[in-house]
Amino acid sequence: MARVLLKNLNKKYDDVHAVKDVNLEIRDREFVVLVGPSGCGKTTTLRMVAGLEEISSGEIQIDEQRINELAPMDRDIAMVFQNYALYPHMSVYDNMAFGLRMRKFETEEIERRVNQAAEILGIQGLLARRPRQLSGGQRQRVALGRAIVRNPRVFLFDEPLSNLDAALRVQMRVELKRLHERLETTAIYVTHDQVEAMTLGDRVVVMKDGVVQQVGEPLELYGRPFNRFVAGFIGSPAMNFAEVAIAEANGVLWADARGLRVKVPPARIETLRRYAGSRVILGVRPEALRMASAADPAEYAFDSTAEVVEPLGSEILLNVRAGPHALVARVDPSTRLKVHETVRLAFDPERLHFFDTASGAAI
Amino acid sequence: MIEGARWKKWLWFYLPMGMFILGLLFPFYWMAVTTVRPDRELYRPWNHPLYSPFWTSNPTLDHIKNLLQETLFDRWMWNTMLIALAATLISLLCGVLAGYALARLRFRWAGLLGTAIFVTYLVPQTLLFIPLADIIRDYSIGDTPWALILTYPTFLIPFCTWLMMGYFKTIPKELEECARIDGATRWQAMLYIILPIALPGILSAGIFAFTLSWNEFIYALVFLSSPEQKTVPVGVVSELIRGDVFFWGPLMAGALIGSVPVAIVYSFFVEHYVAGMTGSVKG
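Residue numbers (numbering that gives the first Met the number 0), protein chains in the order written: chain P, 0 to 362; chain W, 0 to 282.
Some clues are possibly wrong.
[Stated by the list, open to error] In silico contact screen, one side only, chain W against chain P (beta carbon under 7 angstroms); selected entries: (1) P171; (2) E176; (3) R179; (4) L190; (5) I192; (6) L194; (7) P195; (8) I196.
[As the list claims (entries may be wrong)] Only pairs whose alpha carbons sit at most 30 angstroms apart, straight line, appear in this in silico DSSO-like list of lysine-lysine: (9) K207/P to K6/P; (10) K103/P to K7/W; (11) K176/P to K207/P; (12) K6/P to K168/W; (13) K207/P to K19/P; (14) K172/W to K11/P; (15) K168/W to K11/P; (16) K262/P to K176/P; (17) K176/P to K168/W; (18) K6/P to K262/P; (19) K172/W to K19/P; (20) K11/P to K262/P; (21) K19/P to K6/P; (22) K172/W to K207/P.
No lab work stands behind these hints, which were simulated from the structure alone.
Even glycine gets a Cβ: it sits at the ideal position worked out from N, Cα and C.
Using the sequences and the accompanying hints, generate a full structural model.
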């Protein structure tokens, strides 16, 4: 049982304000992922929870208890590092037993716990080996084992999968999720990979420049991004953006740019009316663009030129150009297309996003 | 490796390497041969019909006997061993702790302090012995082993500190952080995690410090005067070169026996030593 609370958390280095007023509640048994580009303060936040960085101001609580002043060893947490940080001079068994020995557990209890963890992770056969005799995936498992034997209140993960190759990363991602379901320990996970964030997190925290941009469930972030940064960061390929002018004609709003002209969907007219005469950012996800058919209303369709066609098997990523705008559409794999052909695409009017040009906030 | 013609490998690899090894080992060979060569052969002129500088057919142990019976050589060996070991231990202890602090702890002036320590290493011993002689006289430890045990660290500690600092920096700091989250204090993390991993570095520093102390000449010459206090390098030179008379046989015997402990120390730890010099810790 552990609930982690970050209150107005700040981290200042000499001339860098790395983490700015982070407020976050991590519920008991929740898997929360901090995600953002490098330098966004996510790792610093995690290290403050671990007790490896001083807290400049603000407070961290675990289960209502303030832990700012506690040494890392007294916080009852376990951390998995990006480079695994296995002790190279110890066997796998000793690596996993180290934390228990430091905490003066009985030998039998240590043995029981290490064997149990080894069984969960499928590394029983490796207990006598040294870290350097293990493959990347095995080392990762030992690092996880070292964290779970202690049965801590909170798991902290600092980009644990980024040193693995792509196939193994996908496999370990699934295993991590399974492990969390089995252990039900509160977990904070840091990654720069939005796919990891979306697949692992019960909730995802998107950070940029030390500031939390949005906290939400993965599909919430995907479907209703608070601002342009979140919209562009979550999702692959990224959301398409185009700067458009909002113009009113006969009670209807149009979003207008060179090569693109879209009618503002009726549901959005109210909020966008005050932008009439000024410019906003139009955002549309690649899957909200499709090959236009005769049934599509003309006000949501536009002509473009195919520039690059990327067949991925299950879908085709179609890179097109409409006026000055480069857009990506995710289209059906049966579509037959050639480069330089003119393609008529249609927007899904329900899935258009608009962002303020200056602040980037969603409208 | 792509093999070229065999003669090329001989010409460009084995031949230069052979010459190199020959050049390196020849002084030792010369030392050994001179040690067992009887006096009448030693002082034979080059145009004598039986002149054979690289070989002797009448090996003798006279010089070694002479060295052990006529001089205080065994005493010198003991002195040197004691002084070298004590100076090495003191320097290693200080060097490891200082190196760790400079590499790991974030404190004001850490960088400056590191540089300052290195600068002290650059002050030549040939200058430093003058003020040191004054200090040694003030503390009345001249002509005792303490004169060297306490002065050798003046150049060994900076040396060990720098070597260890470099080594500690190659050890990922996550290992220590992980240990501290696992429940170790900073001291325990250092004792159980960092020091065992740094063992190759510590051994390298130790071997170097030991060798430097063992071979040290100037301080030993200046700070010790009575024959029974001397170290091997000074004792051999001062007692076996009298005026312009060189007792080559015992001199070489002393050099040969004097270099044995260093050779043993090297060969014993050579594997760790090489690992320490290449300085890699692979997780």
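(request) Taking the numbered hints from earlier one at a time, note which ones the structure violates and give those numbers from smallest to largest. (result) 4, 6, 10, 12, 16, 17, 18 and 20
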